[in-house]
Amino acid sequence: MEGVVSVFPSKSLQLQTTRSWDFMGFSETVKRNPTGESDVIIGVIDTGIWPELESFNDEGIGPLPKNWKGVCEGGANFTCNKKVIGARVYNKTESARDKIEGHGTHMASIAAGNVVKGVDFFGLARGNVRGAVPSARIAVYKICFQLPFYCPEDGLLAALDDAIADGIDILTISLTYATSTDLSRDGIAIGAYHAMKKGILTTQAVGNSGPNVTSVRSVAPWILSVAASTIDRKFTNKIILGDNTTFVNDAIETFEAEAPLVYGNISLPGCPESAGRDCDLFCLDEKLVKGKIVVCDDAGGFVEAYRAGATGSISPSYSRFSEIPLPNAAYASKNHEGDQVKAYMKSTK
Numbered sequence: 001m002e003g004v005v006s007v008f009p010s011k012s013l014q015l016q017t018t019r020s021w022d023f024m025g026f027s028e029t030v031k032r033n034p035t036g037e038s039d040v041i042i043g044v045i046d047t048g049i050w051p052e053l054e055s056f057n058d059e060g061i062g063p064l065p066k067n068w069k070g071v072c073e074g075g076a077n078f079t080c081n082k083k084v085i086g087a088r089v090y091n092k093t094e095s096a097r098d099k100i101e102g103h104g105t106h107m108a109s110i111a112a113g114n115v116v117k118g119v120d121f122f123g124l125a126r127g128n129v130r131g132a133v134p135s136a137r138i139a140v141y142k143i144c145f146q147l148p149f150y151c152p153e154d155g156l157l158a159a160l161d162d163a164i165a166d167g168i169d170i171l172t173i174s175l176t177y178a179t180s181t182d183l184s185r186d187g188i189a190i191g192a193y194h195a196m197k198k199g200i201l202t203t204q205a206v207g208n209s210g211p212n213v214t215s216v217r218s219v220a221p222w223i224l225s226v227a228a229s230t231i232d233r234k235f236t237n238k239i240i241l242g243d244n245t246t247f248v249n250d251a252i253e254t255f256e257a258e259a260p261l262v263y264g265n266i267s268l269p270g271c272p273e274s275a276g277r278d279c280d281l282f283c284l285d286e287k288l289v290k291g292k293i294v295v296c297d298d299a300g301g302f303v304e305a306y307r308a309g310a311t312g313s314i315s316p317s318y319s320r321f322s323e324i325p326l327p328n329a330a331y332a333s334k335n336h337e338g339d340q341v342k343a344y345m346k347s348t349k
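Taking our numbering, I'd label the letters of the sequence shown as residues 1 to 349.
Don't read these hints as lab results, they were simulated from the structure. We put the CB at the ideal spot given by N, CA and C, even for glycine. There could be a bad hint or two in this list.
Unchecked claim - Under the rule of at most 25 Å between Cα atoms (straight-line distance), these lysine-lysine pairs were calculated in the BS3-like manner:
1. K238 with K342
2. K287 with K346
3. K234 with K117
4. K66 with K238
5. K82 with K31
6. K287 with K334
7. K290 with K238
8. K346 with K334
9. K69 with K82
10. K290 with K349
11. K349 with K238
12. K349 with K287
13. K290 with K342
14. K234 with K334
15. K334 with K292
16. K198 with K66
17. K198 with K69
18. K292 with K342
19. K69 with K197
20. K66 with K82
21. K334 with K238
22. K117 with K31
23. K290 with K346
24. K346 with K292
25. K92 with K69
26. K82 with K117
27. K292 with K349
28. K99 with K82
29. K238 with K292
30. K238 with K346
To be verified - What follows is a list of derived Cβ distance ranges for each label pair:
31. V213 with K346: 44 to 50 Å
32. P211 with D232: 18 to 24 Å
33. L241 with P221: 51 to 57 Å
34. E28 with S274: 50 to 56 Å
35. N81 with E323: 30 to 36 Å
36. E37 with E323: 29 to 35 Å
37. V216 with T236: 26 to 32 Å
38. S274 with T93: 41 to 47 Å
39. F122 with T246: 21 to 27 Å
40. F121 with R32: 23 to 29 Å
Go ahead and model the full structure; you've got the sequences and the hints to work with.
Here it is as structure tokens:
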């Protein structure tokens, strides 16, 4: 077919804080050029955006950059401003609003969110939140949708073409493939190559896997690959037993509770005792756990404990437990702490 370089099946792509920029040595006091930075346009290819957030307020922002050639086609009840200057959607039944856990909104604010003072998460991590280039403009390209969730590669390629034509300066793509993909069939790499030829920098997340061999998903040499890192901050919580034995672990949780302990083997009819001990969903007896802290044998037990009306829970930790905001006084026990808690319960009967 004339004009066609290659044809390959459209694959599905996968989605991949106040302290981060300071931690990387890019503090609020660094010398900047707000006037020049205000002409920078960052294209965000993701799940959309919530434009009313304070991070995207356009108060005090000047006229649109002269090189902007894009449009605001965000759909129903979506309005652009001088901060979020453009929006395109690659499913005509949707708007550009971010309806998938705020992923696109988060990515846009990391790249170019305004400085917003005094932000915290229920008292945690209080500080000024901001993007890398707070004065920059944002153009949104929504390619990810829900029900069912999907981020089709053909939508990505269309978004890349539009972004290049719209006059953006930087592309940020926090999407990857489920497995490593040959560059000749990697839509992101191909689109980014065309962007690079127009002087546009593409940044891409390397994925949420690893650190195993071949777990990096962004390998094209013309892409700035962005990996996750540790940070010099932890959120912790602790439990203190009646004999003053204390356990401490990482958690995003701000609740305080003092309540009796109860083991999860108080299951409802139809659930085996083992399901109760694990605190499997819909297996705890709400009458027996209400107002108590439930000890569970499975890492996911905190979900059922919360549903059943428990004051809190103690369940085994797993690798990403510390990343989940917890709904009540939940504690993730490590090593043999769970056994020590159960031994304490037996000793106090």
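State the violated hints by number, sorted upward, taking the hints as numbered earlier in the document.
Failing hints, ascending: 4, 6.
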